[in-house]
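Student: The lines below spell out each chain.
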Amino acid sequence: MNDVADIDLADRDYFSDHSILLDPYQYFEALRDKGPIYRLPGRDIFVVTGFAESLEVLNNTVDFSSVVATGGPAWPLPFAVAGDDLTPLIEANRDKFLGADLLVARDDKAHYNSRALLSRLFTPSRLKANEAYMSGLAARLVSNAVAAGGCELIKDIAVPFATLVVADLLGVPDADRDHFMEVIAAGPPPGALDSAVRDESQQPLAIMAGFFVNYLIDRKQNPRGDVLTELATASYPDGTSPDIAELVRLSTFLFGAGQDTTAKLLGNAMRFLIEVPGLQAQLRADPSLLPAFLEEVLRLEGSTKMTARLARKATTVGGVEIPIGTKVMVALAAANRDPRRWENPREFVLNRPKIKENLAFGRGAHVCIGNPLARVEARIVFEKLFEQTSQIDFDAKVHGPRGHNQFDYEPSFIIRGLEKLQLTLAPR
Amino acid sequence: MPQLIVTSPQGDVHEINADANTTAMVAIRDAGVDGLLALCGGLCSCATCHVYVAPECAGMLDDMSDDENELLDGVARRTALSRLSCQILLTEARDGLRLSIADEN
Chain A
354 MNDVADIDLA
364 DRDYFSDHSI
374 LLDPYQYFEA
384 LRDKGPIYRL
394 PGRDIFVVTG
404 FAESLEVLNN
414 TVDFSSVVAT
424 GGPAWPLPFA
434 VAGDDLTPLI
444 EANRDKFLGA
454 DLLVARDDKA
464 HYNSRALLSR
474 LFTPSRLKAN
484 EAYMSGLAAR
494 LVSNAVAAGG
504 CELIKDIAVP
514 FATLVVADLL
524 GVPDADRDHF
534 MEVIAAGPPP
544 GALDSAVRDE
554 SQQPLAIMAG
564 FFVNYLIDRK
574 QNPRGDVLTE
584 LATASYPDGT
594 SPDIAELVRL
604 STFLFGAGQD
614 TTAKLLGNAM
624 RFLIEVPGLQ
634 AQLRADPSLL
644 PAFLEEVLRL
654 EGSTKMTARL
664 ARKATTVGGV
674 EIPIGTKVMV
684 ALAAANRDPR
694 RWENPREFVL
704 NRPKIKENLA
714 FGRGAHVCIG
724 NPLARVEARI
734 VFEKLFEQTS
744 QIDFDAKVHG
754 PRGHNQFDYE
764 PSFIIRGLEK
774 LQLTLAPR
Chain B
31 MPQLIVTSPQ
41 GDVHEINADA
51 NTTAMVAIRD
61 AGVDGLLALC
71 GGLCSCATCH
81 VYVAPECAGM
91 LDDMSDDENE
101 LLDGVARRTA
111 LSRLSCQILL
121 TEARDGLRLS
131 IADEN
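First to last, the sequence lines map onto chains A and B. So for the first sequence, the numbering used here puts the first residue at 354; every next one is plus one. So for the second sequence, the numbering used here puts the first residue at 31; every next one is plus one.
No incorrect hints appear here.
SDA-like, lysine to any residue: derived pairs with alpha carbons at most 25 Å apart:
no.	chain 1	residue 1	chain 2	residue 2
1	A	K773	A	A634
2	A	K462	B	N47
3	A	K709	A	R699
4	A	K707	B	T109
5	A	K709	B	R113
6	A	K462	B	Q117
7	A	K750	A	G502
8	A	K481	B	N99
9	A	K481	B	D92
10	A	K709	B	E98
Heads up, incomplete: computed chain B residues facing chain A, CB under 10 Å, no partners named:
no.	residue
11	N51
12	T53
13	D60
14	L67
15	A68
16	G72
Honestly, the hints are just simulated from the structure, not real lab data. Note that the Cβ used here is the ideal one computed from N, Cα and C, for glycine as well.
Kindly generate the complete structure, drawing on both the sequences and the hints.
Tutor: Below, the structure written as structure tokens:
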């Protein structure tokens with residue numbers, strides 16, 4: 354690529370340019386050439402592509418607020434920057450930021466308290482209890498797909514699997530689970546570029562919230578020893594109790610956060626499995642390599658490309674001054690390919706040293722709360738696919754002939770993942 | 031505000047005035063002390079917030095859960111004083127708790 358093309362690429366608009374969707378990595382490399390932290394010309398946005406610099410931002414919850422994490426850094430602030438700490442202005446205007454009442458976007462004590470309520474859902478013993486359900490569900494979905502000779506991985510396996518696993522984790526009654534899936538399937542992905550509709554009452558999370566209000570009110574009145582009862586009667590670390598509205602927000606948030614990201618991780622992983630020479634045979638021969646495989650996929654192509662922070666105080670990152678009121682886009686996908694941290698960063702290598710330190714799930718106070726669940730979910734789906742198939746390939750009728758495959762990615766500036774992945778499955 | 035005294039893997043000592051009812055992992059992380067990865071973010075699922083409790087403070091803590099015990103079986107240098115700092119809630123009764131961050135390298 355020549356210099357002129359490089360300049361063009363770095364000057365494109367990440368938030369609206371569809372061509373960057375197919376390959377955001379070239380765009381991030383063009384920005385990396387300008388430094389590990391770079392201010393977009395004429396904008397109040399810094400983009401961080403360095404690994405160390407990303408850690409610096411993610412670990413600095415004193416100077417950075419997460420209030421822009423859901424809506425992204427491109428919206429103007431709903432207030433004029435004043436003073437040397439924006440925290441009071443952020444909290445007074447929180448309802449004017451998109452999705453700022455979600456857990457990812459909260460700060461400080463409010464964030465810590467709510468996160469503590471959900472933490473207990475993800476302990477190893479909880480996940481072990483959930484694993485039997487995951488195994489049975491994955492086996493069923495895979496079996497249907499194999500019987501049909503193939504499947505669209507995202508719609509036929511990944512989305513129903515990820516949705517129903519969270520439903521099971523939260524104790525959603527069986528009878529309502531299909532309805533939840535329909536609602537989510539009909540909704541836009543987070544960070545959708547084309548999302549003209551911002552009527553929040555029609556968002557999947559709002560519809561599911563209606564169900565959770567009823568569950569939680571019922572369990573408060575009629576405790577029955579299930580997960581919803583535990584949630585309905587849980588208290589914060591300081592002993593005080595959350596209200597129902599807060600519990601509803603947290604429960605529905607888990608669906609929103611865990612469904613699309615997990616589904617896309619499965620799709621991204623499948624591309625590597627099929628495309629990296631010899632990898633499918635190697636993993637079939639030794640499925641104990643699956644966790645290592647998934648970590649390397651998370652590094653190279655995790656399902657979250659970026660997160661965002663707002664400098665609520667003047668600060669520095671990597672020696673660069675960040676003025677108060679500017680926004681920082683942490684390009685997780687770029688940090689995971691930083692050549693200063695990863696040798697031959699664009700190559701797929703199993704068992705890299707310290708691979709679990711990749712930033713696919715973020716780091717620090719806001720690290721993805723579902724990270725242990727996502728890792729188990731992906732492993733189980735691949736285990737079941739290996740058990741029931743002898744070979745998995747892209748369906749050439751949809752994705753074109755080998756060597757000339759075509760793939761479409763979700764139009765989102767946050768999510769990295771295939772819209773569809775049509776597979777052929779040879780039975781065992 | 032319980033005080034926490036933490037020794038980093040490099041040997042420097044930090045005195046942290048923590049908010050009551052936060053965990054030791056969060057207090058150490060938010061104070062910016064190096065050496066604690068805490069990859070899973072406090073879910074008791076990764077064992078990268080391994081610390082050693084000072085012998086004189088061991089009696090200040092509750093017994094560990096089965097989850098914590100099993101995870102600690104996977105760390106490189108477990109001792110009788112090993113704990114996961116995300117499972118230690120800082121309360122006024124634990125004022126003055128002393129921990130050393132385990133060197134996992």
